[in-house]
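Novice: In case you want the letters, here they are:
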Amino acid sequence: MTRTARSDRLHEVVRRFASGDGDHSFGEIALEIAHFQREFSPGFARLCASRGGSPSRVDEIPGVPCDAFRLTRVAVHPEAEDRLRFYTSGTTSGARGMHAMRVTETYQALALKFGRAALLSNERAHHVVALAPLLDDPPTSSLGHMMAMFMVDFEQRGHAQVRTGDRWLIGDQGVDLDGLQKAAERAQQLRETLLVLATSFALVGLLDALDGGTLPLPTGSIVMQTGGFKGKTREIEPAELRTTLARAFGISEAQIVSEYGMTELTSQLYEATVPGSALSRERSGSPGIYAEPPWLRVIPVDPTTLEPVPSGDVGIARIIDLGNVDSAIAIQTQDRVRRVEGGVVLLGRAAGAPPRGCSLAIEEFLASKPQ
Amino acid sequence: MTDFDFEARRARLDPLFESARSLADGTSERGRNARQRLAASSGLSAEGVEFALQRCLEIAPNEREIAALIRSTPIARVAHVLLAGNVFVAAHRAIAIALAASSEVRVRASRREPEMAELLLAGAPNSFQVVHELSPLAGDRLWAYGSDETMADVATTLASGVAMHAHGSGFGVALLDDLRSESDLERLLAGLAEDIALFDQRGCLSPRVLLVNAAQSAVKTVARALADELEKLEERVPRGRLPPEELSEIAKYRDTAHFLGDVFEAGAGFVSVGDAGSWLLPPTGRNIHVLPSAEPIAALASYGPLLTCCAFAGEPARRQALGRTAPGARVCRFGEMQRPPFDGPVDRRDA
Numbered sequence: 028m029t030r031t032a033r034s035d036r037l038h039e040v041v042r043r044f045a046s047g048d049g050d051h052s053f054g055e056i057a058l059e060i061a062h063f064q065r066e067f068s069p070g071f072a073r074l075c076a077s078r079g080g081s082p083s084r085v086d087e088i089p090g091v092p093c094d095a096f097r098l099t100r101v102a103v104h105p106e107a108e109d110r111l112r113f114y115t116s117g118t119t120s121g122a123r124g125m126h127a128m129r130v131t132e133t134y135q136a137l138a139l140k141f142g143r144a145a146l147l148s149n150e151r152a153h154h155v156v157a158l159a160p161l162l163d164d165p166p167t168s169s170l171g172h173m174m175a176m177f178m179v180d181f182e183q184r185g186h187a188q189v190r191t192g193d194r195w196l197i198g199d200q201g202v203d204l205d206g207l208q209k210a211a212e213r214a215q216q217l218r219e220t221l222l223v224l225a226t227s228f229a230l231v232g233l234l235d236a237l238d239g240g241t242l243p244l245p246t247g248s249i250v251m252q253t254g255g256f257k258g259k260t261r262e263i264e265p266a267e268l269r270t271t272l273a274r275a276f277g278i279s280e281a282q283i284v285s286e287y288g289m290t291e292l293t294s295q296l297y298e299a300t301v302p303g304s305a306l307s308r309e310r311s312g313s314p315g316i317y318a319e320p321p322w323l324r325v326i327p328v329d330p331t332t333l334e335p336v337p338s339g340d341v342g343i344a345r346i347i348d349l350g351n352v353d354s355a356i357a358i359q360t361q362d363r364v365r366r367v368e369g370g371v372v373l374l375g376r377a378a379g380a381p382p383r384g385c386s387l388a389i390e391e392f393l394a395s396k397p398q
Numbered sequence: 106m107t108d109f110d111f112e113a114r115r116a117r118l119d120p121l122f123e124s125a126r127s128l129a130d131g132t133s134e135r136g137r138n139a140r141q142r143l144a145a146s147s148g149l150s151a152e153g154v155e156f157a158l159q160r161c162l163e164i165a166p167n168e169r170e171i172a173a174l175i176r177s178t179p180i181a182r183v184a185h186v187l188l189a190g191n192v193f194v195a196a197h198r199a200i201a202i203a204l205a206a207s208s209e210v211r212v213r214a215s216r217r218e219p220e221m222a223e224l225l226l227a228g229a230p231n232s233f234q235v236v237h238e239l240s241p242l243a244g245d246r247l248w249a250y251g252s253d254e255t256m257a258d259v260a261t262t263l264a265s266g267v268a269m270h271a272h273g274s275g276f277g278v279a280l281l282d283d284l285r286s287e288s289d290l291e292r293l294l295a296g297l298a299e300d301i302a303l304f305d306q307r308g309c310l311s312p313r314v315l316l317v318n319a320a321q322s323a324v325k326t327v328a329r330a331l332a333d334e335l336e337k338l339e340e341r342v343p344r345g346r347l348p349p350e351e352l353s354e355i356a357k358y359r360d361t362a363h364f365l366g367d368v369f370e371a372g373a374g375f376v377s378v379g380d381a382g383s384w385l386l387p388p389t390g391r392n393i394h395v396l397p398s399a400e401p402i403a404a405l406a407s408y409g410p411l412l413t414c415c416a417f418a419g420e421p422a423r424r425q426a427l428g429r430t431a432p433g434a435r436v437c438r439f440g441e442m443q444r445p446p447f448d449g450p451v452d453r454r455d456a
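Chains as they are written, first to last, in my numbering: chain A, 28 to 398; chain B, 106 to 456.
These aren't lab readings, by the way, just hints derived from the structure by calculation.
Among the hints, erroneous ones may be present.
[Stated by the list, open to error] To be clear about the criterion: a stretch of chain A counts as covered by chain B if any three or more of its residues have a C-beta under 8 angstroms from a C-beta of chain B, and this derived list gives those stretches:
#1 59–73
#2 128–134
#3 202–211
[To be verified] Computed far set for chain B versus chain A, every beta-carbon distance over 10 angstroms:
#4 180
#5 276
#6 453
[To be verified] Residues of chain B placed beyond 12 angstroms of chain A at every Cβ, according to the derived structure:
#7 253
#8 275
#9 277
#10 291
#11 322
#12 350
#13 353
All C-beta atoms, glycine included, are put in the ideal place defined by N, C-alpha and C.
Okay, chain A solo, but in the shape it has when bound (with noise of 0.2 angstroms):
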């Protein structure tokens, strides 16, 4: 079998794993994604053979760290076959990955179907917006096309127009604060509840521009959170903003859901709180407590062994996501986490090796990297 057939089986079977008609384990498709890109991604197959060969178990499998993103490419086809590339916004270094996608409909599969089971909490048509500048064409951002996703799925309008201006809620001058008045005021009308897809530093500035003010949104509507302020605002503790969110927006704290996502996965993970959603109804729905979908499972390891740590203590998050199909089907991310009772405890990121003097940090460096 081809490469890419072998591929297109690989996509097949992680949507029927997430659709629950599947035949196979999780354990049995990430091994099979695993031995599929050794064979074909010869970067892996370095990672693998330094690990001593090909794993035979889910925890065996060594983590691409997300620094390999930014420095190479990480996928086992070739620039020509790309449908979609998403770049990571680069925190707190100037240089930029990049995660190439042959294959759309495993994304948007995934993503609509943990999104909808995370976020909607009825039947009930949903009007959305975006904290978030006007998406690109074709998108950049792994966020920007998740939220366009949303848009279009979440409404069941059809042919919802997604491209336009009244949705995407950032402009050049900062948050378009009547924009989400005027959401909020025609959600109302039609007996709509509205979603509101957000960075934290978007909602940050939300918060600014309205100074202390509300901006009261329909019964029922939810707020989506996700990443963090990457020095583009003031920072606010995560249940100091949450409150501070559910008071200006008049709606409950639950309401207001956290994702985590990221560039280099093709899935995401959310707090269970959202009131009569499909996810609260299956998981302890605590703010802070990071749900994994059945297709990703997060393994904290020690930082220095890469090991994974004893069940409840903290460790790195290595992330293995079936989504990741033709580039890394586990990352090695620096995020702290803490496995507990329904999902993962986010503790923020490790920290790298303190400057010691003039010796150039690695950070510093990839900052200074001609792109």
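Position chain B against the provided structure of chain A, taking the given hints into account.
Specialist: Relative to chain A, chain B alone:
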């Protein structure tokens, strides 16, 4: 500068040099005590401390270099020194520059490595003061060493009229511009291994990248040979203890490097090999990234402001071209990266 001024400035340096000489003597009580204290504060192995003292502490700078140091140092009412914590011998040069600038020198040591300044002072009492805080006033000069972040922080707190000489973050590179005979290559790589291993690579002069003007296959051979040299050296000079954060950085680098190309174990560290243009800056702890480059000098242009030191092996004319590409960096031979002439600061970025 009159001869009298010069002699007065020169005379201030002698007690410091004498103090350094007595520290370097491992047979004396003072020398033995220094070794224990420096091993505890620096995290280097006992052999690493000895290696650094023997190879990098300038105990007999020549008069030509000293004269250059004095002539290139501006006079100050009071000279203040903020030391970095990664290379303990650097205190010696930093204090010498300050003494060349002023008869009144105040030194603030790094919290990470507070010993060397105290040890030098003990051997040269009253030459300078070790203080907990620096408060320079208008007309004073401050020589500051550390990360760019520290330099920026310090700059914002300075009173107006204080001249600051900032030596911030940087790194060293090595350029093998023509592949020599096997014996030459072995000698060059043995020297480079020492440059890497000194201070467990924590200095801003430490090489982190080696560019080789050769085909990929030859580059791989060079990388393997360098890994062998590092391994051999580690038998004599073991790597010191590294904190978990540094070990974590190394684990991340190692796996990233495996994804990018070949990786050779080099004692406790690693030598990684990339394709042309695949720059990767390994973390400190005796790790280096090796990559081919048909135009290694041009390849450095983008990193010029960050370069402190370039070891070079190749034609003299090419060496001059390298100096023009990275004017802030010292250009030296392999094995001499950690021993710049005692004629001023270790790099030229403040010139």
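Novice: Against each hint, give a clear statement of whether it holds in the structure.
Specialist: Status of each hint after checking the structure:
1. 59–73: Satisfied; 3 residues make the cut.
2. 128–134: violated (count 0)
3. 202–211: violated (count 0)
4. 180: The assertion about residue 180 of chain B holds, with a minimum of 25 angstroms to chain A.
5. 276: Incorrect as stated: the minimum Cβ-Cβ distance to chain A is 4 angstroms, not above 10 angstroms.
6. 453: holds, 14 angstroms
7. 253: violated, 7 angstroms
8. 275: violated, 6 angstroms
9. 277: Incorrect as stated: the minimum Cβ-Cβ distance to chain A is 9 angstroms, not above 12 angstroms.
10. 291: holds, 27 angstroms
11. 322: holds, 16 angstroms
12. 350: It is violated; residue 350 of chain B is separated from chain A by about 4 angstroms at its closest Cβ, not greater than 12 angstroms.
13. 353: violated, 4 angstroms
The earlier numbered hints that this structure contradicts are 2, 3, 5, 7, 8, 9, 12, 13.
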